[in-house]
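Q: Chains as they are written, first to last, in our numbering: chain V, 62 to 334; chain S, 62 to 334; chain D, 62 to 334; chain G, 62 to 334; chain H, 62 to 334.
Treat the hints as calculated values from the structure; they're not laboratory data.
This structure is a prediction, so every number in the text was calculated from the model and none was measured.
Among these hints, one or two may not hold up.
The list makes no distinction among identical chains, and a pair is therefore deemed to hold if it is satisfied within one copy or across any two copies.
What the hints assert, rightly or not - Straight-line C-alpha distance at most 35 Å; calculated DSBU-like pairs for lysine-lysine: (1) K239 with K152; (2) K302 with K202; (3) K123 with K187; (4) K202 with K152; (5) K123 with K152; (6) K149 with K123; (7) K238 with K171; (8) K149 with K239.
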Amino acid sequence: MDIATLAGLGIGIVLVFWGMLSSAGGNMQIYINIPSILITGGGTLAATMISFRLNQVMKAMKLFQIAMQEKLPDPSEIIGTLVALAEKARKEGLLALEEEANRFDDPFFKKGIQLVVDGTDPQLLKSILETELLFMEERHKTGRAVFETMASFAPAFGLIGTLIGLVAMLVHLDDPKKVGPGMAVALLTTLYGALIANLFCLPVANKLKLRSAQEILLKEVIIEGILSIQAGDNPRIVEEKLKSFFAPEIREQFERTREGQERVIPLRQTREA
Amino acid sequence: MDIATLAGLGIGIVLVFWGMLSSAGGNMQIYINIPSILITGGGTLAATMISFRLNQVMKAMKLFQIAMQEKLPDPSEIIGTLVALAEKARKEGLLALEEEANRFDDPFFKKGIQLVVDGTDPQLLKSILETELLFMEERHKTGRAVFETMASFAPAFGLIGTLIGLVAMLVHLDDPKKVGPGMAVALLTTLYGALIANLFCLPVANKLKLRSAQEILLKEVIIEGILSIQAGDNPRIVEEKLKSFFAPEIREQFERTREGQERVIPLRQTREA
Amino acid sequence: MDIATLAGLGIGIVLVFWGMLSSAGGNMQIYINIPSILITGGGTLAATMISFRLNQVMKAMKLFQIAMQEKLPDPSEIIGTLVALAEKARKEGLLALEEEANRFDDPFFKKGIQLVVDGTDPQLLKSILETELLFMEERHKTGRAVFETMASFAPAFGLIGTLIGLVAMLVHLDDPKKVGPGMAVALLTTLYGALIANLFCLPVANKLKLRSAQEILLKEVIIEGILSIQAGDNPRIVEEKLKSFFAPEIREQFERTREGQERVIPLRQTREA
Amino acid sequence: MDIATLAGLGIGIVLVFWGMLSSAGGNMQIYINIPSILITGGGTLAATMISFRLNQVMKAMKLFQIAMQEKLPDPSEIIGTLVALAEKARKEGLLALEEEANRFDDPFFKKGIQLVVDGTDPQLLKSILETELLFMEERHKTGRAVFETMASFAPAFGLIGTLIGLVAMLVHLDDPKKVGPGMAVALLTTLYGALIANLFCLPVANKLKLRSAQEILLKEVIIEGILSIQAGDNPRIVEEKLKSFFAPEIREQFERTREGQERVIPLRQTREA
Amino acid sequence: MDIATLAGLGIGIVLVFWGMLSSAGGNMQIYINIPSILITGGGTLAATMISFRLNQVMKAMKLFQIAMQEKLPDPSEIIGTLVALAEKARKEGLLALEEEANRFDDPFFKKGIQLVVDGTDPQLLKSILETELLFMEERHKTGRAVFETMASFAPAFGLIGTLIGLVAMLVHLDDPKKVGPGMAVALLTTLYGALIANLFCLPVANKLKLRSAQEILLKEVIIEGILSIQAGDNPRIVEEKLKSFFAPEIREQFERTREGQERVIPLRQTREA
């Protein structure tokens, strides 16, 4: 799992809990109210379910899990692998890539190399891989939209819960002892709504957006590299083309790695390790 | 009706009612106030009626009903039908499609096939079907706009109702017994406004948007397929072209279906079933 | 006047008044406060006057009046007129349109036909009519912007009025009898601001936007038709071209009308009726 | 100064003052609090200074002054001048424009004519004038951004001031006599923030936007006219081209002016008057 | 450090502190509450950490420091340097630029000149420098996004802290002595959130945006100048081309500087001073 995400979630939850404990003098239970949790969380989920189709809501949850756990491959590793494949293709021909293709974990990379080996027309190859990328981007966008929609409904259902509580409390205003606790419970849904939106949904939507952009960039590098290999480009030119996709730090990192070890098919080897 | 929409609406309403019951200690009637319902709901409708023309507001309601009840055809079924038609056209000529055309329920599909049989010029055929699609998209957008407009006016009229109630209550502040119930009634319109917007209008507008996008995609597939049939493309190529419109899951689903049964005109057969 | 606009405004005002009456127990005058009306309404107008030029604010009011009273011509009528003119031009030549031109009320239509009769170059004709359309669109946009600007300033001046009232009330908090009525008066400006924005400015801006889009579509149809007539297109083709601008209902309506009566210059005849 | 701006500002200020007087029973000083003015106004200025560079903030103030005082030239006057120059250029040659160029106040107009007299290449002439226009537009946009930024910070610092006041008041809640005046003072910053944003910054930003659009249109007309003169176009065509930039009213106004007096170089004459 | 930023931050902080002191009667400590600072500041940082990757958050802080301390080079100085280099290249050939290249501090300028000396293909040279510029822009955008994200989370966590405090206070409403101080502490987080957003994050994001635009403009001038030098343009034309990027004031400033001293490589000399 991404260290910043984990740390951020942990720090946020710890701070909020500690803030509650220090405010309530240790009496944590004043912040827990099952009906309030059900109205805010359940209402948010209900509105999100009306907004999307059931399988989209479920896919978003899965997408979140994957995004948090799986690490994206290292850009310098991908460049290295593509340069090594370009060298192999120049020396032994495109058909020699067949045995390499089977070693990749990434289905996108594998499919691309297989299509090259099959002798697919470059135009069709490009179109197939780009269509695949387009649908990946759309799926990411929908997954993100589920979290963004939840983030917009959570404060709304927090307010709805608070209004329900306030109305009940106000009707019995003649008993002053009930006013305080009544309002306290009423405000809990607003608090829950703000926490759901700001400590979970919005930051996760932000992170998914960032990650999606990175993953798309990596796939674009793979498409560019595979097309360059198919065209029989010089490995040096393949390397120059692919490096231009990244920031200076990553370029330097790739050059340092390259000097340290002369890997042939680094991506696969790393994966096997 | 779409299961997620139904479930979402149901869960949302049940949670809100249950929240009211548990807050009010079973005394549900403190949440029901006819003047408050009339000001919030009626005011929202009034502002929406000024914003649109009467027939647009009514069409939106009908569009909502249709969208909730009717199921969109299965993408893999549409591909299958178009591939089967392409095969028939290759074997028996375009005129042989005439008898098939009459079997379709979908007027858009029917009209397209009829135009092919009539020997319409491809350019004109494309233009006619795309114009039809454009206006369908515009109608969907207006229908959605009605719900979005209601979602923005509902909280505003909720606030207006609350202010009306507060002013009346504040004038008689000297009687402390009336303060609580007065404020409770005043807050009801804000509650109604939030519920109208967040439990009904906004989620429905979201769902209509999603559904419109799906329907447009299906119509684009039909246009592409009909043009491909008219051009006399090989059924295999027709299939490849159409599959590129969909996500991998749907492609696999189509291939599974294809292997299981060798249907000639699947869409019609399914419809008759 | 547009029936939905009238009905919407009427229903909205009646509901708000009735809500006030039922809240105040018939004592309507607690909702009327001249200084509050002046601060909210006057402040909104003042800020709008700084934002625009005086003649733009005045034109917007006039535009509103026109838009509410005048009915847009019927699309099927415009198609009919243009088709009839195309037939006449085919039979008797473009010069024969001169006598027809003088019969139109609509200056845009009249100018277009006059330019055709004058033998204006098609490119220049198109450019002149489109420039005219562009400036009509700009004028509509500015007129709408006046209402949108008022809608954004009204709640702000409502808040300013409430703050002015609250400060005055709070300074004399030692007299508890004045608290309630003081706050009631203070809240009136917020109520007025919300009503100005949501019952008048925003719905009117919405309606003007919708109407502008319809009027522009009609003018585009007229430009297309006049250019087609000038080019000597077959009346049947003129009809097909123009019908593609409208939704299926309007196309059908045109065909029904056509069958019922074989009008030569329907637009003029209708206008004279 | 623009009459609507002056009137709007005057009416707004008078209404707010009168509202304060009538609320406070003539005791105006309850609305004046120096620390509150300093926190709201000073905080807004401070945040704006961090956002921009010092000279940009100062230029914005100057731009505001100029925009409020200087009147934009009359479109029909500019058309008249350009048509007169076109006539002169046709009769006496482009060099004859030299003596006219020195008579203009507007440096943009002067520069354009001087470049024509110097025999500048049309492509370069167009590029120089359009670059100048582009930078004028950018300067206007930055000037406007200063007011828009102030409009967004003013309510925020109003809230900050109110929170500072509320905290101080709440700590001494045991003395009920201080509660009212304390809250009154606390709310003053919110009032000041709302007034700064809605009675000054936002309307001024709106007016600057409108004025910038008008000034750019006039400069575009001058560029079009100068290029047309350089190309040796017939004065009649120059007139037709330039009139198409304006709304019908301005075209008619130009034609009325033209009939009334046959001016040769009207712009200069008006300026000397 | 930029004088306006420093002054703005200083004035803002002094005004807020002074406002607190004058409100609290010198008892500053009522505005300081460690748990409140931790919940607002820590929660904001936590949500920002989930939104971005750790190294992006850290880079943003560094970017802020650099942006505040380093002064951007003077546009007229950059034009002067490029014109001087163009003169040298015309007289002594492109290779003569090699010794100059080593004197520059700016790695972007240095790299560009080195690539010219190396005889890089103009197309490739342009592409390399523009890619570098693109990634600089992207890095700036991400750095700014960190501050913008913090600005949107800070008020949200301010509200969360206030709700936590309010709930704790309301539960013990029966002790009226605790109400005031309890609410005072609860409101502190809202105050902190508003200050973090409006006195720090938003103005800094605004300033970073402005500075990024300036830096990109300077780099574009350098690219244009280097390409012009490589193409062997006349120094006079190089100057004209580059001056068109700037506003009139900067053009005049460059001309004044030019007359005062006839510098050969001004940028380097200034840097050594």
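Q: If a hint holds in the structure, say so; if it does not, say that too.
A: A quick look at each hint next to the structure:
For the identical chains of this complex, K239 and K152 are neighbours neither inside a copy (84 Å) nor across copies (82 Å), given an alpha-carbon limit of 35 Å. For the homomeric pair K302 and K202, the shortest alpha-carbon distances inside one copy (28 Å) and between copies (24 Å) are both at most 35 Å. Taking identical chains as interchangeable, the C-alpha atoms of K123 and K187 lie at most 35 Å apart only when both belong to the same chain, with a minimum of 29 Å there against 40 Å between chains. In this assembly of identical chains, K202 and K152 lie within 35 Å of each other by CA distance neither inside one copy nor across copies; the values are 41 Å within and 43 Å between.
Taking CA atoms no more than 35 Å apart as the test, K123 paired with K152 passes in neither setting, with 43 Å inside one copy and 46 Å between copies. For a Cα distance limit of 35 Å, the shortest separation of K149 from K123 qualifies neither inside one copy, at 38 Å, nor across copies, at 42 Å. Taking identical chains as interchangeable, the C-alpha atoms of K238 and K171 are never at most 35 Å apart, the minima being 69 Å within one chain and 71 Å between chains. In this assembly of identical chains, K149 and K239 lie within 35 Å of each other by CA distance neither inside one copy nor across copies; the values are 79 Å within and 77 Å between.
Figure legend: structure checked against the earlier numbered hints; hints not met, in rising order: 1, 4, 5, 6, 7, 8.
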